[in-house]
Each structure stands twice: as structure tokens, then as C-alpha cells.
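Trainee: Assembling the complex is the task here: the two chains are given apart, and the hints tell you how they should meet.
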Amino acid sequence: MKKLLSLLIALVAFAIVGCGGGDKKSDGKGEPQVLNLFSWADNIDPAVIEKFEKENNCKVNYDVFANNEELLAKIQAGGAQYDVIQPSDYMVATMLKLGMLEELNLANIPNVKNIVSNLQAPAYDPTGKHSVVYTWGMTGIVYNKKYIKEAPTSWNDLWKDEYKGRIILLNDNREVIGMALKKNGHSNNSLNPQEVEAAVKDLKQLAPNVLAFDTDTIKQKFIAEEAWIGTMWTGDASYTYKDNKDIGFVIPKEGATIWADTFAIPKGAPHKELAEKFIDFMYDPKISAQNYEYIGYNDPNEKANEFHSEEFKNDPMLKIGRENIDKGEWLTDIGEALTMYDRYWTELKTGK
Amino acid sequence: MPKTWRSHVLCAYAMAILAFLYLPLLILALYSFNESRINAVWSGFTLDWYLALFKNRRVLEALTNSLIVAFASTIVSTVLGTTAAIALNKYQYKYKSVINGLLYLPILIPEIVMGLSLLVLFSQAHIPLGKTSLILAHITFCVSFVVITVNARLEGMRPELEQAAMDLYATPFQTFRYVTLPLAMPGIVAGALMAFTLSIDDFIISFFVAGPNSTTLPLYIYAMVKRGISPEINALSTLLMLATIILVIIAQLLQPQHVSKKEE
Numbered sequence: 000m001k002k003l004l005s006l007l008i009a010l011v012a013f014a015i016v017g018c019g020g021g022d023k024k025s026d027g028k029g030e031p032q033v034l035n036l037f038s039w040a041d042n043i044d045p046a047v048i049e050k051f052e053k054e055n056n057c058k059v060n061y062d063v064f065a066n067n068e069e070l071l072a073k074i075q076a077g078g079a080q081y082d083v084i085q086p087s088d089y090m091v092a093t094m095l096k097l098g099m100l101e102e103l104n105l106a107n108i109p110n111v112k113n114i115v116s117n118l119q120a121p122a123y124d125p126t127g128k129h130s131v132v133y134t135w136g137m138t139g140i141v142y143n144k145k146y147i148k149e150a151p152t153s154w155n156d157l158w159k160d161e162y163k164g165r166i167i168l169l170n171d172n173r174e175v176i177g178m179a180l181k182k183n184g185h186s187n188n189s190l191n192p193q194e195v196e197a198a199v200k201d202l203k204q205l206a207p208n209v210l211a212f213d214t215d216t217i218k219q220k221f222i223a224e225e226a227w228i229g230t231m232w233t234g235d236a237s238y239t240y241k242d243n244k245d246i247g248f249v250i251p252k253e254g255a256t257i258w259a260d261t262f263a264i265p266k267g268a269p270h271k272e273l274a275e276k277f278i279d280f281m282y283d284p285k286i287s288a289q290n291y292e293y294i295g296y297n298d299p300n301e302k303a304n305e306f307h308s309e310e311f312k313n314d315p316m317l318k319i320g321r322e323n324i325d326k327g328e329w330l331t332d333i334g335e336a337l338t339m340y341d342r343y344w345t346e347l348k349t350g351k
Numbered sequence: 000m001p002k003t004w005r006s007h008v009l010c011a012y013a014m015a016i017l018a019f020l021y022l023p024l025l026i027l028a029l030y031s032f033n034e035s036r037i038n039a040v041w042s043g044f045t046l047d048w049y050l051a052l053f054k055n056r057r058v059l060e061a062l063t064n065s066l067i068v069a070f071a072s073t074i075v076s077t078v079l080g081t082t083a084a085i086a087l088n089k090y091q092y093k094y095k096s097v098i099n100g101l102l103y104l105p106i107l108i109p110e111i112v113m114g115l116s117l118l119v120l121f122s123q124a125h126i127p128l129g130k131t132s133l134i135l136a137h138i139t140f141c142v143s144f145v146v147i148t149v150n151a152r153l154e155g156m157r158p159e160l161e162q163a164a165m166d167l168y169a170t171p172f173q174t175f176r177y178v179t180l181p182l183a184m185p186g187i188v189a190g191a192l193m194a195f196t197l198s199i200d201d202f203i204i205s206f207f208v209a210g211p212n213s214t215t216l217p218l219y220i221y222a223m224v225k226r227g228i229s230p231e232i233n234a235l236s237t238l239l240m241l242a243t244i245i246l247v248i249i250a251q252l253l254q255p256q257h258v259s260k261k262e263e
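Going down the list, the sequences are from chains A and B.
Numbers 0 to 351, taken from numbering that gives the first Met the number 0, label the letters of the first sequence in order.
Numbers 0 to 263, taken from numbering that gives the first Met the number 0, label the letters of the second sequence in order.
It should be emphasised that the hints constitute simulated quantities derived from the structure, not laboratory data.
Since this is a predicted model, take the numbers as computed values, not measurements.
Hints are supplied without guarantee of correctness; some may be wrong.
Facing chain A, from chain B, some residues (calculated, C-beta under 7 Å) [unchecked claim]:
| no. | residue |
| --- | --- |
| 1 | Leu27 |
| 2 | Ile37 |
| 3 | Trp41 |
| 4 | Phe44 |
| 5 | Thr45 |
| 6 | Leu120 |
| 7 | Leu128 |
| 8 | Pro211 |
| 9 | Asn212 |
| 10 | Arg226 |
| 11 | Ile228 |
Which stretches of chain A does chain B cover? Using the computed rule of at least three CB atoms under 8 Å from a CB of chain B, they are [unchecked claim]:
| no. | segment |
| --- | --- |
| 12 | 60 to 67 |
| 13 | 70 to 79 |
| 14 | 122 to 136 |
| 15 | 288 to 294 |
Computed far set for chain A versus chain B, every beta-carbon distance over 10 Å [unchecked claim]:
| no. | residue |
| --- | --- |
| 16 | Asn35 |
| 17 | Asn104 |
| 18 | Thr216 |
| 19 | Phe311 |
Built from N, CA and C at the ideal position, the CB exists for glycine as well.
Only chain B is shown next, with the shape it has when bound in the complex (with noise of 0.2 Å):
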């Protein structure tokens, strides 16, 4: 009895913590449905802003912008966070403990800082402020969550495996294109999928960096809300919140923890 009873309280501290997080997004989508152009009041169900936002050139260009930014800081962002996880794994050096650490500051320190000191570094390397500027932040966040995701796949990893490939006469070339790169895959592809994701939300990096003809859309929301909150935002807000839940659900499933257990 006194278990039952008990589960049902989890149960209920369990539902209300979920509300907690989740009933403003909820409430958020519902009113991108609203007929009302003004949130205060539900008048019937359209996707009319729905609609709108794909004949809004500002918001197509800005789409466009992220997705640019997105795509290529996560490129480059990955093959140098790769390529960093396996030297860190593989070699013994001295400062190694240091130079991991550096490699996870950037997630530790505070987002508004690094976007100031970007910003300053790029004025006084003159460096336009623009596209270029924007996915060369964007990299240099991306950078340590690509390293930490390859680098816990990398540590799951035996190393009998690549012994085992030298031993068959495999040239180190061989090694990792045939065994490391496939093994660490996994990893790689969550990493890029996690980069993809940071990139496509960054909102205070992006303020403090970004130029002409480089408003991203989190940026385009945040301009928009001073114009008083419009459908129209919330089912932009709707589709971002959208992408990013898939993007994460598929990071998730391709997480080491997840690939390693079917794989034994």
C-alpha cells in the first residue's frame, strides 16, 4: 500500500517538473494557431502565420543566414574537434590535463563575455563584421562540444582493435580510415548534429558579431518581439523549437552509451 501511495507522489512531482519545463513552449505553439493576432485571446485555429512566415523575404533571408552559418561553422567545427578529440586520446604529452581543460572552457565561460571578446577581437584584427565573422565565432563555440561528444566515443573505444589492424599489416593510414574513423563515427556524427544545433540557436554570440547581411533568425525573433509579439513569432519560434528537438533526439540516439550497448 504505503508503495503505491508513494509512487504516485513521484509519479505527480514527476508530471509537474515536466509542466514546469514544458507548458511555455506548449503554450507558446499553441498561440502560433491562433486566428487573433494579438496572444491575450484564443479565436479559432489557422495556420495563416504559418503561411506568412514562408512569404516573408526578411525571414526566408534569415533562414537562409542561420542555415549558411549552421552549416558551415559545423563543418569545419567538427573535422577540427575530431581531429583534436584523437590526438587528446590517443597521445601521452605533458600538459595534457591543460590543454583538455582549454578545450571545455569555452562552454564554461559565460556566453556574453565571449561574444564581447570576439567582437573586440574582430574590430581590432579589422575583420568586417559580417558572415565571416559570425561563423568564425560560431566555430570557436562548436569547437569543445565536438571534442568532448568524439572524445567520450573515443574513450569506449578498445584499443585492441587498432593493435589488432597494425598487427594484420594495416599501414596507420589504413588503421584509422578502416577502423578509428568508422568506430568513431558515432561520436562524429553526434558531435556535428550537436555543433548544427548550438549554431542554429546561438542568440548572444551572434548579437554581439554578427553584420550586414548576417541577421540569423534567433536574431530576427528577438528584433521582431520589440514590434509586440505576433503569431507570426510564435510560429517561427514553433518551427525552431521544432528543428532543434529532432536535431537533439538524433544526437541522442546516435550517443555512445546508446551504439556501444547494442554493439556487445
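If we strip away everything but chain A, and leave its shape as in the complex, we get (with noise of 0.2 Å):
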């Protein structure tokens, strides 16, 4: 029986080395380079990648997150070690501050310059040094003009009461009470009190008449006709439009907010020469242009213009004025003031 359970043992002892091994034989083998590259799902044309990949003799692997704070959890934990991240706006101002961010080499990425002049150095990163915009975009109002003819200019005509049932809003709290502080002529990331508690009151007169708070479905919701009026992401209404030509989309006149994905390399980054090498092959004018043709989101890289397709340019989901863009504005950390916006969401949601 000794012998046997020593043999048993030596099993269990080789199957676990050789799991483990297993791993970094992979890595190793004939020496090309990895980059890790952890982001949205289905965020990048994957043609796009393995042209990078062939230029560069390495492999990109792709591993997805669902949110923001997945991802800062992950990285937080340590031991992930990913070479180029994709967080949002606000959370590269959380990443900063934590110091979880590497300063990009810009020398490195002379694309860069390639991007919009107002979307090189944004609120959320001041000096541009530790992220660089990727997809990007405003929420605006978007409407069914088989149901309402004339077209919304403002956010106060969410109001409306004929749009009873037909109303859906995004399924977050930032946006939602930034939405409605926009419309009284306040700024989305206030930190007064009473503002804050004057839009919460017009949004719970609101939420009666909202079908649903939806972030993840409210596209099907559109094209289905479900719902006629909503609060939606520019990209998003893009890619509702390709399915139903009756979908509009206007940013109203009182402003609203702007958001952004972004390339961003993690502390400790294990291969951070070859991470700058793909931010900067993601900003050439020709990829770019290939890139967000099939992402269908907004193209920040001015140089790009002249190869994007005549469909593309023309989308009438995906002009955003320079004006509006100027009346943006981003959501920042708002620190403990959060705790305030999550206590009125919940009774929001909960109809209290």
C-alpha cells in the first residue's frame, strides 16, 4: 500500500508541475512576444489585431472584462499582469490616483498627435500622459420618429407625458442624476446638496413614465420599437440606426456629458515597450480608419478622415458638432459625494 500511495503521490506531484509548466512552455516557445491585453469584449476589429500581430512577430491575448470596476479589482489584486488596459473616463482618474497607472513614453506613440485637439488632455487625466482616448462619444437623447414627430432639443422634453411607458433611461446613477442636473442648468458632477436633491425630485416625477432602466438591452428596446424615447450612448445609437432608420438622436441644447474609453498601460506592465507599440499602430490614420468602421464608435484620430468610407462620415448617430463637444462635459470623481448619488439611486430604482 506504501508503495502505491508514493506512487499515486508522484501522479498528482507530475500532472500539478505539468499543468503549471505547461503555461510557460507556451510563452516561450520560439520566442515571440506577448501582449496581454485585457479589455471590452468585441472591442477591437480582430483584423486589426493580427495585422499588428504579424508586423511584430508577437500574440495578443484578448481577455475581456464587463465593467470598470472588474477591471480595477483585477488589477488591484495584483499578480494579473496585463500590458494595455481599456478603463473608462472616471476610472482612470480612480487609477491615477491609486498610482496605478505607468506614464506613457509619448515618444513612443507619435500617433497620439494624430487624436482631436480637446481629447488629448481631458479632465479625468490633465496632462494626457496616462491614457489616451479610444472610443469616445456623448449621451444624448435618442428618439423613434415614427412616434414623435418633432424633434426633442432639450432634456426637459423627456417630460413629456405622452411618452408614458416609452421612456428608457441608462442604468446608471452618474448618468441618470448627471442627465438631470444637466437640464437645470448645473454641472453632472455637483457636489451641492440641494442641486442634487432638486434633480432626484424631477427624476422620481419622471420614473412613472420610465419603462426601464437599461443599459445592456436597450438597443434590442429601440429596434423593437418598445421604446420611442431614451437617453443613449452616441455609439450605441449608431448602431441601433443600422437596424432601424427611424431612430434620431440629438444632444440637447443644455449640454451633456461626455465619456471616453481609453488605452492605458497598469503599473509593472511586463511588456510596456511592445504596449506602446500597439497604442501607436491603433492611432495610425489607415487602422483607425479600418479599426472603427467596425467598432462603429466615433473616431477620435483627425488624420483618419479621408480613408473612412462615405457611410461612415455620413452617420448621422455619429455627428457630434464641435460645439457640443465644448459644452460637454466629463463625469469626475466626485469622491464622497458618491455615497449621496448612490443613496438617491437606490430610491429612485426602488420608487421610495
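Mentor: Next up, the structure:
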């Protein structure tokens, strides 16, 4: 029996070591470099990644997360050795505060200069040295022209009684409360309790008319015409428009939230040089033209314009005038006030 | 008369319960054949989504990751679990019931707690997150299930068989190799299939301990949903579901009670 036991132990040890070793072996085989990318699902044209792999004799491992908090937790726990991550604007601010982002060597990323100038040093990363805008857009009003004859112009239009049961708001406390704050002429990052309370009061009035607070399946609801009017991101509006040509999109006159997902390099990334090469590659005019056509978001790359198809250039959903960008406001880290927003949000959703 | 009335009600009740359990899955599967990109409207039958899946490199990578992790953790946890079950079954020692209980505990501990504790452990021990950490985590929760299934099989076995072998001058190894192991085999295979199924389906624990190059299918599906539910996700989920059902059926057929009945 003892012999048998030691045999089994040896077998188990072998199996464990064998498994552990397998990983490393495939990493070192033939010495192609590895780039560990942590991103949103389906966020980059696969053909573009393949091109990068071929040009640089490397393998891109594309892992996915579903929200910013998940990304933060993974990086915070340490041990996850990603080279390129894609946090959204406010998460860049949080990660900067926590000292989790590597400073980019912009000399290695000359194509950053191709980005529209007013997106180069946004509020959440004022020096522009820790993140690069990737997908960006604004939150506006989406509506169906079949049911809503007169194009909305103001956030106030959502409060019209005839849209009862046909309104969808994003399932996000900062977006929704920020929208009501904008409607009342305040900053969407307001720290003033009175302003926030007034905004929430208005939202509570709107709440009974709301069909759903939804971010994940909002596109389907507009394509199927379950919803007539609501708040939506530009990229999603473009997707929806492709399946339902009655969809219209406006950025209200009071101004709106502007947002972005970015490229950043976490502290201690094992392949920083390749990571910078990758980011630079993504802003090559031709590459970015191909990539943004695939993902259907606004291209921040000014030089790419000449390579874009007419269809993309004329997509009414993606047309954000410069005046709207200037009127737009980023959601910033509001610190302690977030608890107040969270409390109001719970009240709103539970109908208190 | 009242008998048939009663059986009708019972039958309807059973159907209702079955519908409650399986209707959502059926609808999910149905919409994977929907021509339209959106789930809300049915516009015609198509297999395009299944074809698209097999052309999607990310999906194939996630599938490969899932299979590597499932195979590795199944092999290790089956060996560990089987030896543990044999030891538990054969020998009497102090605190046996405590050790027994400790082996079953991982089944009852909330997965989220287990995932979190494994993540903390890995980061404390400086084990980089990736396939290795994922496999180690899966082995941890699979072992208990293997122990339970193998143990159930061993308990149904008569000790006389092993004694008879010993009587006939079989060495302990021969007894194990030619008597115990073959008799326990259905339990071992069922346990291995169980481990494989659990590993392939696991989301919560994987969610915590996955790292670079180790996105598994369930993790991929979850991240895809954020982009809006498309028939492609339905198709992928349907395939995952089918694989699970087949594995569970095989495991059920190999369950000790079936086999022992046949043998008797």
C-alpha cells in the first residue's frame, strides 16, 4: 500500500507540475513576444489585431472584462500581468489617484498627435500622459421619428406625459442624475446637495413614466420599438440606427455628458515597450479608419478622416459638432459625494 | 373516477414545473436560430450564428482555454479525489468524520467566498493569475465532487470481494489493480465527468482568479452580454448547455445505483 501511495503522490505531483509548466512553455516557444490586453468584449477589429501580430511577430492575448470595477479589482489584486488596459474616463481618474497607471512614453507613441486636440488632455487625465482616448462619444436623446414627430431639443422633453411607458434611461446613477442636473443648468458633477436633491426630485416625477433603466439591452428595445425615447450613447445610437432607420439622435441644448474609453498601461506591465507600440499602431490613420468602421464608434483620429467610407462619415448618429464637445462635460471623481448619489439612485429605482 | 382526476392534476402540475425549469432555456435556444440580430422579433430560421461562432477567433480561444482548464483540473482532481475516497472508505482513524466533513465543505461554501479567498491566496503567494491559477482553483472545488461520487460507489461495494482476492494470494497492489479499481471505475468515471462539467460551467470562481490568456467560455459570454445580447451569445450558450446536458446524462447513467442494480 505504501508503494502505491507514493506512486499516486508522484503521479499527482507530476500532473500539477505538468500543468503549471505547460503555460510557461507556450510563452517561450520560438520567442514571439506576448501582449496581454484586457479590454471590453468585441472592442477592437480582430483583423487589426492580426495585422499587429504579424508585423511585430507577437501574440496578442485578448481577455475581457464587463465593467470598470471588475478591471479595477483585477489590477488591484495584483498578479494579473496585463500590458494594455481599457478603463473608462472616471476609472482613469481613480486609477491615477491610486497610482496604478504607468506614465506613457509619448515619444514611442507619436500617433497620439493625430487625436482631436480637445480630447488630448481631458479632465480625468489633465496631463494626457497616462491614458489615450480610444472610443468616445456623448450621452444624448435617442428617439423614434415614427412616434415622435418633433425632434427633441432639451432634456425637458423627456418629461412630456405622452411618452409614458416608452422612456428608457441608462442604468447608471451618474449618467441619470447627471442628466437631470444638466437639465437644470448645473454641472453633472455637482457636489451641491440642494442641486442634487432638486434633480432627484425631478427624476422621481419622471420615474413612473420610465419603461426601464437599461444599459445592456437598450439597443434591442429601440430597434423593436418598445421604447420611443430615452438616453443613449452615440456609439449605441449608431448601432441601433443600422437596424432601424427611424431612429434619431440629438444632443440637447443644455449640454451633455461626454465620455471615453481609453488605452492605458498598468504599473508593472511586463511588456511596456510592445504595449506602447500597440497603442501607437491603433492610431495609425489607415488602421484606425479600418478599426472604427468595424466597431462603429466615433473616430477620435483626425488624420483618419480621408480613409473613412462615405457611409461612416455621413452617419448622422456619429456627428457630434465641435460646439457640443465644448459644451460637454466629463464625469469626474466626486469622492465622498458618491454615497449621496448612490443613496438617491437606490431610492429612484425602488420607487420611494 | 377520482383517481384519473387526481392523476390529471398531478400530470399538469409536473408539466408546469418542467416548463418553469426549461422554458427559459428553450427560448434561449430558439432565438439562436433567429435571423434577426435582435432578440425581440422572430424573422426567420438561420444557422448563421453558429457559423459565425466558429469563425470567431476569440470564441475559439475561449473554448480552448475552457477545455485545457477542464481537462487538467479533471485529471488532477479525479486522481486526488479517488485516492481520498479510498482512504476514507478503507481505514478507520481519529477525526474521520471531521475530515469527511472538511472534504464536503467546499460544495457548501458560497462560490463567491471561495473565489475571493482563492484570489487573496494567489496574490499573497505571488502566484500570477492565469491558466495555472485557474486550474488550481478548479481542482479545489472539483475534488469534493469526485470524493462524493467515488465514495458512494465504494460504499455499495462488498468488502468480501477484496477479502476473497487477498485470500487467493493477490498482493495488495494486485487487489487494488484488479478488484478495487475496476469495481470503483463507474464511480470514478462519473466523478470525472462531474468535475469536467463543473469546470466547464464555472463562472464565479473563474471570474476571480482568471488572468491573462485565460478567459473561459462563461467569462466570455458574460463580457459579450455587456455589448448587447446577440443571437451569437444564444448560440454559444446553447452549445455550452448541450455539452453539459450530454455530460450529465452520461454521468447519471454511470451513477453507482444504476450499475449495482444491473449487476445484481
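Trainee: Evaluate each hint against the coordinates.
Mentor: Right, here's what the structure says about each hint:
{"no.": "1", "hint": "Leu27", "in the structure": "14 Å, violated"}
{"no.": "2", "hint": "Ile37", "in the structure": "5 Å, holds"}
{"no.": "3", "hint": "Trp41", "in the structure": "11 Å, violated"}
{"no.": "4", "hint": "Phe44", "in the structure": "19 Å, violated"}
{"no.": "5", "hint": "Thr45", "in the structure": "16 Å, violated"}
{"no.": "6", "hint": "Leu120", "in the structure": "10 Å, violated"}
{"no.": "7", "hint": "Leu128", "in the structure": "4 Å, holds"}
{"no.": "8", "hint": "Pro211", "in the structure": "4 Å, holds"}
{"no.": "9", "hint": "Asn212", "in the structure": "4 Å, holds"}
{"no.": "10", "hint": "Arg226", "in the structure": "5 Å, holds"}
{"no.": "11", "hint": "Ile228", "in the structure": "6 Å, holds"}
{"no.": "12", "hint": "60 to 67", "in the structure": "holds (count 7)"}
{"no.": "13", "hint": "70 to 79", "in the structure": "holds (count 5)"}
{"no.": "14", "hint": "122 to 136", "in the structure": "violated (count 0)"}
{"no.": "15", "hint": "288 to 294", "in the structure": "violated (count 0)"}
{"no.": "16", "hint": "Asn35", "in the structure": "4 Å, violated"}
{"no.": "17", "hint": "Asn104", "in the structure": "22 Å, holds"}
{"no.": "18", "hint": "Thr216", "in the structure": "6 Å, violated"}
{"no.": "19", "hint": "Phe311", "in the structure": "19 Å, holds"}
Consistency with the previously given hints fails for numbers 1, 3, 4, 5, 6, 14, 15, 16 and 18, ordered from lowest to highest.
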